[in-house]
Amino acid sequence: MDAVFSNFDDYLKAFGLTIGLFVVSGIASLIWGTILAVLRVGPVSILNKAAALYVTLFRNTPLLMIFIFMAIAMPVLGYNFKFVEDVEIGGWNVSAFFVRSCIALTLYTSAFVCEAMRSGVNAVPLGQAEAGRAIGLTFSQSMKLVVLPQAARAVIPPMTSVLIALIKNTSVAAAFGMAEAVATMRALTNNNADQRIGIFLAFAVGYIVIVEVVSLASYAAERKVKVAR
Amino acid sequence: MTAQETAPVSAGRGEPLVVLKDVQKHFGQLHALKDIDLTVTRGEVVVVIGPSGSGKSTLCRTINRLETIDEGTITLDGQPLPQEGKALAALRAEVGMVFQSFNLFAHKTILENVTLGPIKVRGMKREDADKKARELLERVGVGHQAEKYPAQLSGGQQQRVAIARALAMEPKVMLFDEPTSALDPEMIKEVLDVMVDLAQQGMTMVVVTHEMGFARTAADRVVFMADGVIVEEGTPEEFFTHPRSDRAKDFLGKILKH
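Sequence order for the protein chains is A and B. The first sequence runs 1 to 229 under my numbering. The second sequence runs 1 to 258 under my numbering.
I should point out that these hints are in silico values taken from the structure, not numbers from a laboratory. Check before you lean on any hint, since a few could be wrong.
Residues of chain A clear of chain B, computed beta-carbon distances all greater than 12 Å [to be verified]:
{"hint": "1", "residue": "D9"}
{"hint": "2", "residue": "R59"}
{"hint": "3", "residue": "I66"}
{"hint": "4", "residue": "Y79"}
{"hint": "5", "residue": "E85"}
{"hint": "6", "residue": "F97"}
{"hint": "7", "residue": "V99"}
{"hint": "8", "residue": "R133"}
{"hint": "9", "residue": "K144"}
{"hint": "10", "residue": "L145"}
{"hint": "11", "residue": "R153"}
{"hint": "12", "residue": "N191"}
{"hint": "13", "residue": "R196"}
{"hint": "14", "residue": "V211"}
A few chain A residues facing chain B, derived, Cβ under 7 Å [as the list claims (entries may be wrong)]:
{"hint": "15", "residue": "E115"}
{"hint": "16", "residue": "N122"}
{"hint": "17", "residue": "A131"}
{"hint": "18", "residue": "V146"}
{"hint": "19", "residue": "L148"}
{"hint": "20", "residue": "Q150"}
Derived contacts from chain B toward chain A, CB cut-off under 7 Å, selection only [what the hints assert, rightly or not]:
{"hint": "21", "residue": "G14"}
{"hint": "22", "residue": "A93"}
{"hint": "23", "residue": "M97"}
{"hint": "24", "residue": "F105"}
Source: prediction; values computed, not measured. Ideal Cβ placement from N, Cα and C applies to all residues, glycine included.
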């Protein structure tokens, strides 16, 4: 365990990066996935099909493949996102790898967010949307004001699972040179082979803490939006 | 049971408001609406009755295009129903709808249920919408429940709120799709009383119902449907005492026996 304490800065930085990947791609996935879900249940047939195709494509592709595509194919195609490295936010320099990792995670996770969201929309009785339309709300208004707020209730448990999977999926970025938790753990165990178990435990605890924070937040949110039907 | 037996009765005041012409609707193999011609004039109360599966709810739902039609035309106040999008939403705002299962917005208070349309569709200020909503809730007898959520109200109260929600849009016509079918017997009266009130104030209404008492007291015209066809129409007096078609005689025989 000494190896972790003597490199505590690296440990914190590593989990900082894990959390950074999670928060950025989590928010992007929630937004993009919700848009996809709205397209899937919407009245325009071509958009239904496009969103369904997206989900099929990205949900059925291993995350590693999407990472490989973002890390190797995109730069070849001329999209290396190097320009983000010139941007400085509050003294932090964003790396192109970070951006590409976030895009890969978002492409993948949004497919799952879309389906979780759709299950929530389906849990709202059809009559609610009909009543919304009957008082003259447009499709997007009835989605925003009537259906999605109620869908959120049914969506919290499956969405929490999707987000927890995302936290753990950030470790795939380790394979592409991101010094997030798993990559840092690997580096520490390489240098301190005699303390492997302690190092493993320290990083396991780190993940457990992050996941528990997300779970507790989800329970709190569930209690808050619980309304009798 | 053919269209020949249909004899339109002119019991209306004023000009035509809702006009259905040669409307056809299929659900897969089922021909749900066949050659429907129906004109509802301003201020008229039309009660649609018939056995279940006769297409009466479908007919009601086509008027604000919650069901699309395959053929024919429907006009409201001279305007044909728009296909989709903003124009359709604008049209629906002119048509009040009350559902069998109330469909109050479960996540909003009673007051918010009534003000949502006026604020979001009509662009009314919140204070004005609140004031109007409270008046309407008072009128349907649930004024003291404004801050509660729908699930805290009885079925009869919820349905009266649903009527207030529809009225808040100041619709040209009100559609009632079996408004009392999901209610306990003692709650049916309180909803029907509100509807009779509305009828007496001159609201144009299309009411799909099994309440023959309401049809007798409040209807200007009774439309009897079976198997997707308008079999017969007439004044309530005519229809209930001298039904012309065998189908209607059979139907009335069954429901009036108990």
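Violations among the numbered hints, reported as their numbers in ascending order: 8, 9, 10, 11, 15, 16, 19 and 21
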